[in-house]
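Sequences are here, hints too, so could you generate the full structure?
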Amino acid sequence: MKKICIDARLYGIRHTGIGRYVQNLITNLPDPSSVTLIISPENAALPELKQFSKYTARYHPYTYLSQFEMLWLLLKIRPALLHVPHFTVPFLWPGKIVVTIHDLIKHLSKGPATTTRSPAVYWLKYLQYLFIVWFTVRRAAHIIVPANFWKYELIKRFKIPAVKISVTYEGVSPLFLSGSSSAVDIPDYRPYILHVGNVYPHKNIPLLLDAVKELNGEVLAILVCARSVFTQKIQALIDEKYLNKWVKFFGSVSDSQLHYLYQNSLALVFPSLIEGFGLPGLEAMAAGTPVIAARASVLPEIYQDAALYFDPKSASDLAQKIGILISDSALRSKLIAKGKKQVKKYSWSDMSQKTWAIYRKELR
Numbered sequence: 000m001k002k003i004c005i006d007a008r009l010y011g012i013r014h015t016g017i018g019r020y021v022q023n024l025i026t027n028l029p030d031p032s033s034v035t036l037i038i039s040p041e042n043a044a045l046p047e048l049k050q051f052s053k054y055t056a057r058y059h060p061y062t063y064l065s066q067f068e069m070l071w072l073l074l075k076i077r078p079a080l081l082h083v084p085h086f087t088v089p090f091l092w093p094g095k096i097v098v099t100i101h102d103l104i105k106h107l108s109k110g111p112a113t114t115t116r117s118p119a120v121y122w123l124k125y126l127q128y129l130f131i132v133w134f135t136v137r138r139a140a141h142i143i144v145p146a147n148f149w150k151y152e153l154i155k156r157f158k159i160p161a162v163k164i165s166v167t168y169e170g171v172s173p174l175f176l177s178g179s180s181s182a183v184d185i186p187d188y189r190p191y192i193l194h195v196g197n198v199y200p201h202k203n204i205p206l207l208l209d210a211v212k213e214l215n216g217e218v219l220a221i222l223v224c225a226r227s228v229f230t231q232k233i234q235a236l237i238d239e240k241y242l243n244k245w246v247k248f249f250g251s252v253s254d255s256q257l258h259y260l261y262q263n264s265l266a267l268v269f270p271s272l273i274e275g276f277g278l279p280g281l282e283a284m285a286a287g288t289p290v291i292a293a294r295a296s297v298l299p300e301i302y303q304d305a306a307l308y309f310d311p312k313s314a315s316d317l318a319q320k321i322g323i324l325i326s327d328s329a330l331r332s333k334l335i336a337k338g339k340k341q342v343k344k345y346s347w348s349d350m351s352q353k354t355w356a357i358y359r360k361e362l363r
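Heads up: the sequence shown begins at 0 in numbering that gives the first Met the number 0, then just goes up one per residue.
A hint or two may mislead.
As the list claims (entries may be wrong) - Listed next, the in silico EDC-like pairs over lysine to aspartate or glutamate satisfying Cα-Cα at most 20 Å (straight line):
#1 49 x 30
#2 244 x 187
#3 212 x 184
#4 340 x 310
#5 312 x 213
#6 360 x 349
#7 247 x 217
#8 2 x 30
#9 339 x 310
#10 244 x 209
To be verified - DEER-style ranges, computed between Cβ atoms:
#11 225 x 178: 25 to 35 Å
#12 126 x 161: 22 to 32 Å
#13 356 x 155: 38 to 48 Å
#14 157 x 15: 23 to 33 Å
#15 328 x 215: 13 to 23 Å
#16 176 x 328: 35 to 45 Å
#17 133 x 15: 16 to 26 Å
#18 310 x 111: 34 to 44 Å
#19 44 x 111: 38 to 48 Å
#20 228 x 254: 18 to 28 Å
#21 186 x 32: 23 to 33 Å
#22 151 x 130: 18 to 28 Å
#23 228 x 161: 32 to 42 Å
Since the hints were derived computationally from the structure, they do not count as laboratory data.
Even glycine gets a Cβ: it sits at the ideal position worked out from N, Cα and C.
Listed below in structure tokens is the structure:
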């Protein structure tokens, strides 16, 4: 097979969703001998990558200098096809490119409230982002997306032929399908609902807080996310609404600890207005936890009838759905069973195999 190169500079879970995608794509490929990786220096010695040919790149994909570094490396590698698993392709490389666009959240959730930058800097960066995505979708020979929702968004916004876009659903770590977990100290005796992920404005956390307030202490809410300026804003809102007794922040946790939190929660609550794929919901289903999700963006496509849905603009509707799960054990058991069945549809191995088939088709 002709030589394939993958931009793997964002490999690994420290790069969150994209990093997990790149890691699972690469470690499940059927023929490593045909693949050359461009990786960051810290990943050069990883044992799971020893079977791949590798080149190291010093610069982050979203920097200007990376454009020149990538061109220099690609001229040395001379691949028949380059896969870029993010929206910044090498502008100067003339060869065939497959790109993965994980979402268009910045197109749908925009404005100075979505950033920590000053308005002037934000709008400058935003215009740059719009140009880069516009260039990338036209430059790519083929585009991979994680859901039909994003396929149709790309078609609508950029008038791209449907045949140029393929959907490869993502997968769930085997850890969440197993029984093993690491205990976490939960500072309350009440049942708790869980939210996993960042707290950017499109995550709709204020609505979740309003629902918790309506429930008046019936449940504890645990928010699992890395600390940021946005968590500070949410904490200020918690203080303002006098919810400190009922809402607790957990920082970043290991997958094993997260598994424990899923297993012991009343439900995972996903109030997000826009989501790239909704992986935490599938992780919760794999762990045997019901999911309460906003009827918005990709979530109904990914979860289908295995989640309990609510209006993402109505805190009362969310509070009602949480209340139903507290009192209706039969419904909870039914959602757990449906979730276990639904999650079987998603596999990192299948995603990698389908991506490999796209490579082969493009190299004909």
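Quick one: which hint numbers does this structure break? Sort them smallest to largest.
3, 4, 9, 13, 16, 18 and 21
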